[in-house]
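Sequential numbering from 1 applies to the sequence shown in our numbering.
Hints are computed from structural coordinates only; laboratory data are not their basis.
Be careful, since some hints might not be right.
[Unchecked claim] Derived Cβ-Cβ restraints for the label pairs, each shown as a range: (1) V22 / P67: 41 to 51 Å; (2) A205 / P67: 50 to 60 Å; (3) R14 / F232: 32 to 42 Å; (4) V48 / S240: 16 to 26 Å; (5) F232 / I195: 14 to 24 Å; (6) V48 / V108: 16 to 26 Å; (7) F94 / F140: 17 to 27 Å; (8) L13 / F127: 21 to 31 Å; (9) P85 / G156: 34 to 44 Å; (10) F140 / E66: 32 to 42 Å.
Ideal Cβ placement from N, Cα and C applies to all residues, glycine included.
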Amino acid sequence: MREAPLIEHLEELRSRIIWSLVAWGITTSLAFTFRVQLLDWLKKPLDVFNATSNIKAELIVLNITEPFLTAFKVAAFGGLAFALPFIVYQIWAFIAPGLYDHERRLAVPFLLGAGFSFAAGAVFSYFVLLPFAVPFLLGFLGDVVTPQISIGMYMGQVLTFMGLMGLLFEMPVVSYLLARLGFLTSRFLISNWRIAIVLLITLAAVITPTVDIVNLSLVALPLLLLYWISIFLVKWAERSRPKEIEEAAA
């Protein structure tokens, strides 16, 4: 395996960053053409509140640039979701030359797993977390106030929750990859499970939009489940390590 000089690595890194940005730009442009449908889809958790409450929440615009900036923000998020597999591939292609053949074979399952996991986390946030959190937050003061919410702030918070959950749902995929590369062991995860529980519950409390136990549980319990799934996947990865090590030695 030829070791490329630093300048070649930097040029390749620049090229892959540019291609990733181009892909994101293309998917963002496509998503922008469906901005109205995307905005209406993201507004559904608010519709749940309006359907179950005596008061009605309204999305309002506070300045003349807010509609465009909000539409662009939503399109950029949608574009990133669609471009993510390609971006992850660019990252993998950059580091793949430094890996053994058996390690390169992880590319396809890693790309598929990363895309599926992010989508699962975003979907979970949209269908489970937000329908509980939005009505709770808006109805916290009862009918004392009439909610009038900036559309830019509302969409920003919704996309933040979906993005965070998408990233957190990558835990099993990343754990499996690290285990196959030899950087993580099931023994480490099992021996530190108490610390992991405290950290995950603390993390859930930080990102949960409300302070009640129900919404905290909606975030904390899936994270704990993902941790134990990660342990299972790491054990599975470890069973493949001896054969791969022998292949590398040969």
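query = Measuring from beta carbon to beta carbon, are F94 and F140 in 17 to 27 Å?
reply = 47 Å, violated
key: A205 versus P67 beta-carbon gap, inside 50 to 60 Å or not   = With Cβ atoms ~34 Å apart, the hint is violated.
request  = Just tell me: holds or violated, for the beta carbon distance of P85 and G156 against 34 to 44 Å?
outcome  = 25 Å, violated
request  = May I ask you to test the hint 32 to 42 Å on the CB atoms belonging to R14 and F232?
outcome  = 39 Å, holds
query = Quick one: are F140 and E66 within 32 to 42 Å, going by C-beta?
reply = 25 Å, violated
inquiry  = Range first: 21 to 31 Å. Now tell me if the beta carbons of L13 and F127 are that far apart.
reply    = Cβ of L13 to Cβ of F127: about 37 Å, so the range 21 to 31 Å is violated.
CB-CB spacing for S240 and V48 relative to the 16 to 26 Å hint = 45 Å, violated
request  = Return holds or violated for the Cβ distance of V48 and V108 against the range 16 to 26 Å.
outcome  = 38 Å, violated
key: Consistency of beta-carbon spacing, P67 to V22, with hint 41 to 51 Å   = 27 Å, violated
message = Holds or violated: the 14 to 24 Å window for the beta-carbon distance between F232 and I195?
response = 19 Å, holds
Violated hints, in rising order: 1, 2, 4, 6, 7, 8, 9 and 10; the structure is consistent with all others.
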